[in-house]
Amino acid sequence: REANRRNSDIVETIITLSNRLGLAAIAEGVETQAQFQHLHHLGCELAQGYWFAPPLPAAAAETLLASQPMRASTPR
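First residue of the sequence shown: 1, per our numbering; consecutive thereafter.
In case anyone wonders, no lab produced these hints; they're calculated from the structure.
Mixed in with the good hints, there may be bad ones.
Each pair of labels, with its calculated beta carbon distance range [as the list claims (entries may be wrong)]:
1) R5 - A66: 37 to 47 Å
2) L65 - H40: 18 to 28 Å
3) T13 - A59: 30 to 40 Å
4) Q37 - Q68: 26 to 36 Å
5) Q35 - A58: 25 to 35 Å
6) M70 - H40: 18 to 28 Å
7) A3 - H40: 19 to 29 Å
8) S67 - R5: 30 to 40 Å
9) A58 - L23: 33 to 43 Å
10) R6 - E31: 12 to 22 Å
11) E2 - Q68: 17 to 27 Å
Model, not experiment: these values are computed from the prediction.
Every residue, glycine too, gets a C-beta built ideally from N, C-alpha and C.
Turn these sequences into a full structure, and let the hints steer you where they fit.
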């Protein structure tokens with residue numbers, strides 16, 4: 001449990017620092033909805049990992065991306 005808390009503190013520090021510097025932090029390796037929600041709560045706006053989709057061949061990735069609604073974003 002202590003290791004999990006320490007890891008969470010490190011992630012929170014990185015996200016806070018990136019946000020204060022006007023940079024986007026991208027979480028890699030998100031595997032569960034709970035992880036995604038925790039990251040979002042900490043202020044992380046971008047993530048990737050198996051929870052969204054497994055690694056895909058280029059054609060399958062294009063199909064997946066084409067099927068997703070586009071979201072507008074504002075440059076930092």
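Going down the list of hints, with the structure as the test:
Range check, R5 to A66: about 40 Å between beta-carbon atoms, so the 37 to 47 Å window is met. In this structure the supplied range 18 to 28 Å holds for L65 paired with H40, their Cβ-Cβ distance being about 21 Å. At about 39 Å, the beta-carbon gap between T13 and A59 stays in the expected band of 30 to 40 Å. Hint check: Q37 to Q68, Cβ distance near 19 Å, so the stated range 26 to 36 Å is violated.
With their beta carbons about 26 Å apart, Q35 and A58 fall inside the hinted range of 25 to 35 Å. A hinted range of 18 to 28 Å holds for the C-beta pair M70 and H40, which are about 19 Å apart. Look at A3 against H40: about 22 Å separates their beta carbons, and that is inside 19 to 29 Å. For the pair S67 and R5, the beta carbons lie near 38 Å from each other, so the given range of 30 to 40 Å is met.
Hint check: A58 to L23, Cβ distance near 28 Å, so the stated range 33 to 43 Å is violated. For R6 paired with E31, a C-beta distance near 19 Å keeps the hint of 12 to 22 Å intact. The supplied range of 17 to 27 Å is broken by E2 and Q68, whose beta-carbon atoms lie about 38 Å from each other.
In this structure, the hints that do not hold are numbers 4, 9 and 11, in rising order.
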